[in-house]
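Q: The primary structure of each chain is shown beneath.
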Amino acid sequence: MRVNVTVNGESRRADNVWEGESLLYVLRERLGLPGSKNACEQGECGSCTVYLDGVPACACLVAAGQAEGREVVTVEGLASGDDLDPVQESFVEQGAVQCGFCTPGLLVAAHDLIERVPDPSDVEIREALAGNLCRCTGYEKILDAVRDAAAKKAVR
Amino acid sequence: MSAPARSPQELHDTIAGGIGESPLRPDGTLKVRGEFAYSSDLWHEDMLWGATLRSPHPHARIVRLDVSRALAQPGVHAVLTHEDVPGENVYGLKYQDTPALAADLVRYQGEPIAILAADHPEIARQALKEIVVEYDVLEPITDPERAAHDATLPKLHPGGNLVRHQRIVKGDPAATADVVVSGVYEIGMQDQAFLGPESGLAVPAEDGGVDLYLATQWLHVDQRQTAKALGLPVDKVRLTLSGVGGAFGGREDLSMQIHSCMLALRTGRPVKMSYNRLESFFGHVHRHPAKMYYEHGATKDGKLVYVRAKMYFDGGAYASKTPVVVGNGTTLSVGPYDVPNAHIEGWGVYTNNPTCGAMRGLGAVQPTYAYESQMDKLAAALDMDPAELRIRNALSEGSTVVTGQVVDFPAPVAELVQRVRDLPLPPEPAGERDIRELPGGASNTTHGEGVVRGVGYGVTIKNISYAEGLDDYSTARVRLEVLGGEAVAMVHTAAAEVGQGLVTLQQQIARTELGLTRVSVHPADTSVGDAGSSSASRQTYVTGGAVRNACRAVAEAVYARLGVSAEGMSLTGGKVVAADGEVVADLAELLGDAAIEETREFHHRPTYPLDPETGQGDAHVQYGFSAHRAVVDVDLDLGLVKVVQLDCAQDVGKAMNPDAVVAQIQGGSAQGLGLAVMEEILVKDGKVRNPSFTDYLIPTILDMPPMRVDVLERPDPHAPYGVRGVGEPPTISATPAIANAIRAATGLELPRVPIRPEHITGV
Numbered sequence: 001m002r003v004n005v006t007v008n009g010e011s012r013r014a015d016n017v018w019e020g021e022s023l024l025y026v027l028r029e030r031l032g033l034p035g036s037k038n039a040c041e042q043g044e045c046g047s048c049t050v051y052l053d054g055v056p057a058c059a060c061l062v063a064a065g066q067a068e069g070r071e072v073v074t075v076e077g078l079a080s081g082d083d084l085d086p087v088q089e090s091f092v093e094q095g096a097v098q099c100g101f102c103t104p105g106l107l108v109a110a111h112d113l114i115e116r117v118p119d120p121s122d123v124e125i126r127e128a129l130a131g132n133l134c135r136c137t138g139y140e141k142i143l144d145a146v147r148d149a150a151a152k153k154a155v156r
Numbered sequence: 001m002s003a004p005a006r007s008p009q010e011l012h013d014t015i016a017g018g019i020g021e022s023p024l025r026p027d028g029t030l031k032v033r034g035e036f037a038y039s040s041d042l043w044h045e046d047m048l049w050g051a052t053l054r055s056p057h058p059h060a061r062i063v064r065l066d067v068s069r070a071l072a073q074p075g076v077h078a079v080l081t082h083e084d085v086p087g088e089n090v091y092g093l094k095y096q097d098t099p100a101l102a103a104d105l106v107r108y109q110g111e112p113i114a115i116l117a118a119d120h121p122e123i124a125r126q127a128l129k130e131i132v133v134e135y136d137v138l139e140p141i142t143d144p145e146r147a148a149h150d151a152t153l154p155k156l157h158p159g160g161n162l163v164r165h166q167r168i169v170k171g172d173p174a175a176t177a178d179v180v181v182s183g184v185y186e187i188g189m190q191d192q193a194f195l196g197p198e199s200g201l202a203v204p205a206e207d208g209g210v211d212l213y214l215a216t217q218w219l220h221v222d223q224r225q226t227a228k229a230l231g232l233p234v235d236k237v238r239l240t241l242s243g244v245g246g247a248f249g250g251r252e253d254l255s256m257q258i259h260s261c262m263l264a265l266r267t268g269r270p271v272k273m274s275y276n277r278l279e280s281f282f283g284h285v286h287r288h289p290a291k292m293y294y295e296h297g298a299t300k301d302g303k304l305v306y307v308r309a310k311m312y313f314d315g316g317a318y319a320s321k322t323p324v325v326v327g328n329g330t331t332l333s334v335g336p337y338d339v340p341n342a343h344i345e346g347w348g349v350y351t352n353n354p355t356c357g358a359m360r361g362l363g364a365v366q367p368t369y370a371y372e373s374q375m376d377k378l379a380a381a382l383d384m385d386p387a388e389l390r391i392r393n394a395l396s397e398g399s400t401v402v403t404g405q406v407v408d409f410p411a412p413v414a415e416l417v418q419r420v421r422d423l424p425l426p427p428e429p430a431g432e433r434d435i436r437e438l439p440g441g442a443s444n445t446t447h448g449e450g451v452v453r454g455v456g457y458g459v460t461i462k463n464i465s466y467a468e469g470l471d472d473y474s475t476a477r478v479r480l481e482v483l484g485g486e487a488v489a490m491v492h493t494a495a496a497e498v499g500q501g502l503v504t505l506q507q508q509i510a511r512t513e514l515g516l517t518r519v520s521v522h523p524a525d526t527s528v529g530d531a532g533s534s535s536a537s538r539q540t541y542v543t544g545g546a547v548r549n550a551c552r553a554v555a556e557a558v559y560a561r562l563g564v565s566a567e568g569m570s571l572t573g574g575k576v577v578a579a580d581g582e583v584v585a586d587l588a589e590l591l592g593d594a595a596i597e598e599t600r601e602f603h604h605r606p607t608y609p610l611d612p613e614t615g616q617g618d619a620h621v622q623y624g625f626s627a628h629r630a631v632v633d634v635d636l637d638l639g640l641v642k643v644v645q646l647d648c649a650q651d652v653g654k655a656m657n658p659d660a661v662v663a664q665i666q667g668g669s670a671q672g673l674g675l676a677v678m679e680e681i682l683v684k685d686g687k688v689r690n691p692s693f694t695d696y697l698i699p700t701i702l703d704m705p706p707m708r709v710d711v712l713e714r715p716d717p718h719a720p721y722g723v724r725g726v727g728e729p730p731t732i733s734a735t736p737a738i739a740n741a742i743r744a745a746t747g748l749e750l751p752r753v754p755i756r757p758e759h760i761t762g763v
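Protein chains in written order, with the UniProt record's numbering: chain C, 1 to 156; chain E, 1 to 763.
Don't read these hints as lab results, they were simulated from the structure. A couple of the hints might just be wrong.
Claimed, not checked - Computed from the model, here is a short list of chain C residues facing chain E with C-beta under 7 Å:
1) 38
2) 45
3) 95
Glycine included, every Cβ here is placed at the ideal spot set by N, Cα and C.
Start from the sequences and build out the full structure, keeping to the hints where you can.
A: Here it is, written out as C-alpha cells:
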C-alpha cells in the first residue's frame, strides 16, 4: 500500500508498504529518519515516541496505515535548523545523554511535558517520563535536564 | 562495495576541557538530533535482512534439518545451517565450546540453528517457519549444584559439566570464633537489558573478505572469532564500531557477527541483522544466578576471624565468562574486609539454562550480596551498628586480601562507609503524604498505613581490568596536523564507546597532553591495534593510558623536530613552551604540511594466575571500592517497596570527568536497585518465561530515588593519572544496601534477590 504522511512539516510518501509495517518501520527504513529508536517494539520503553497529530505516541504501536494523512513530528523535527530546542540543549549540557538510545523518545516526552506544564514539579516530571526506560543514567541527570529546559523555555 | 549510508561519524564537536574537567560529549548533539548512527540504523542500498531460527527446546538432539522449503520462498536469498559454516564451527571468549550454528545437540532454548536472508524482515520471519527441524527432546539439566557434583548426569560437553572449580585457603581454614552466623543466599538471573538491540550490517568486499559495521564491546575479539568461523584470514574481516545503545557486558559474546557475515558472503549483498527485544533476550548471555553458603566467625568485639563459603554459579549452556566469574567470585568472596582465615570454594557449571556471561560487576555482585547480608546478620548477633562493624573490619592500604596479595594502593573503605553514613537522612515521614511517593506509586494502594522504613548499607570491592595473568593492554594512534592554520589532534583507537563517555575522555587526555583545543576522535575500527574490551571498568585506565602514551610520543617527536631536549618542555596553547615559560615555537608553523603520527600501547603491570589448590596469587591489578546507604519504605500488607533515597560514596582515584563519574555511579546504582527489587529472568525447566520489557522489569524514573554521590579521589600510584575504574562498583554495592534496608524495615531474613512482594508478605 501507499502511505502519505506529513513528517516534520514535510509531505512524505512511502510506496509498497506491507500492511503489517509500523509507523516506526516506515519512518526508519522507508523515509530515512532513524532518529526514533527500535528498542522494544511493543510500546514498553518509549524509545520511539513521536508526536502524532500533536500527541506523543509510541510509533511502534501505530500501524503505518493509521498514520495516513496525519502529522508526525519526530526527534529530527524538534530543532529549528542548526538551533537545538532547549530540551535538546539541556539533555546535552546536563549529561542526560549516555548511550543515547532512549534519548529521542525522552526528548519528545519531555518536550510535550514542558509544553503542557511549563514549570513541572519533580513528581510531575517523574510521572510524565515513567513510560520511557533509560538503562544508563539512573535518571538523575534526566531530571536535571528537564528542570533546566523548563527554566530555559520560561526565559525565552 | 561502498560503506553503508549512516556510517559512524568522526567526532569533534567539543573544543575545550582537559582531564579533571567536565566537557560535553562530542557525540551529544548528534544523539539529541537523532542523527547518531546506531548499529540498528545502518542502511545500504540493495541490502537484505537476516534472521535466525532458534531452538524452542533447552536440550534436544537435532535428528532432521531441512531448509529447502524456506529457500524456495519468494524473496529469500539464502538459508544456511551448520553445514555452511566455512571455517571452524566453534567460538568462545575463554573456552572454544560454542557452535555458530547448532549441529547435532541443542543446549539451550534459543540456540541458533539456521539463518536466512530475505528482501524484507517480514519475509525473513515468515520463511523461518518453513524450516523443518525434528528434535529428539531431552531432559534438561537445570540444577547447578547437582551439575557440579552429580557425575551420573549426562555430559553437556566432552569434558563434563564443570567449567571451573577454584578453592581459596588463607590462614587456618578450620579457625573457630566466639560468634558465628551463617546463611544460604540466592541471586536470580539478571539481564543487561541494554536498549539498543543486537544489530549490524555485513558488507561483502571485493577481496573476498567482509566489512562488518556493528555494536560490540571489543572489536578485535569479535574479529578473531568471526574470521575463524568464516575460514578467512583475520585481515579480511574488518570491523567498524557503529553506535552502541548500551552494553553492560551483554555484547562481549558474539550474537549476529558470524551469521551476518556468512549471509553477506553467500549472497554477495549487504546483510543487516537487527534483533527484536524477544530475540535479544535469547541472543545474549545474562548475569550468572548463584547459590552461596556462607559462614562468618567473629570475636565478641566484632573483629572477623574467618569466612567459609561455597558458591555455585550457573553458567548455562556454554562457558562464556564463567571461568572469570569463578575467579572473581572466589577472590572477592570476603569483600573489602580484613579476614585472617578463609576457606572458599566456587564452582561454575554447565546446565541447560540460558548461557550466562559478562555483566557489570562480573562475579562480584553475587558474593557481595551474600557477604553484606552476613555482615548485617553478624552486626545483629553482636548488637552492633552495621556501619560500625564494617568500619572495624575494613581493608586499608597494606592489608593482605584473601589471595595473599598485598594492597599497595589507597583503599579508603572505612572512610567510604563513614562518609555515606554521615550524609543527611531524608526527613521521617509525617502527616499526609503524596501517594506518588509511597510504595505502589500512583496506584493508590496505600495512604501510608502499614508502611515501615528501614536503612541499610552495602559495601564492595571489585577488581579492575583483566586478571589472573592476562596481558591486558590497549593501543592508540594520535596524529597531529595543521588544519585551517591550527594544530589539531586526531585520536584513533579500537576502544568501544558504549555510552560511558570514552570519546570525551580521549579528547580530554589529548588536549591536556598536547596543549590543544581541537581534538577529533576517529571512529573505532580494526585498522588500529587492539584496545581490549569496554568492560571490567578498564577502558579509562588502559585506553586512557594508551592515548596518553601516544600523545607523549607525539610531543617527543615535536621536540625532536625542533632539535631541542624534551627536558622541561611542554605543549601549551598550541605553542612549544620551555621550562622558563619562553615560547620556543608555534606548533602550527613548526608542523607546516607534515603531520606527526605515533601509535603506542599501554600494558598495565602484570598479574599472576591463582594457585589451583590454595587460590593464592597476585591475581588483580587494582581494586575499586564503593559504599551505598539505602533508605526504603515497605508496605507490609502488599509487600511493595519504595526506595526513598540511595546514596553512594566511591573512590575513583582521579575524577577524569567529574560529571561523567557521577553519572556512571547513578546509572550503576539503578542497575543494582533493579536486581534488589525487580529484575530477574525467570527460568523454569530451562525455559525463559519473561523475555520482554513487559515482563522483565527494569527501573523507571518513578522507581529511582534521589541520589547523593560523594566522590573521593585517592590516586592509585600505579595507574595513569591515578585513575581507578568507576563503572562497576556502584552496581554491586547498591543491591545489598537495598536488601539490608528492606530487612531492617521488616525484620525478615530475605535470603534471595530480587526481593518480591510475596517474599515480604509470605503469601
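Q: Take the shortest C-beta to C-beta distance between residue 95 of chain C and chain E; is it under 7 Å?
A: holds, 5 Å
Q: Min Cβ distance, residue 45 of chain C to chain E: is it shorter than 7 Å?
A: holds, 5 Å
Q: Under the criterion of a CB-CB separation shorter than 7 Å, is residue 38 of chain C in contact with chain E as hinted?
A: holds, 6 Å
Checked against the numbered hints given earlier, this structure breaks none of them.
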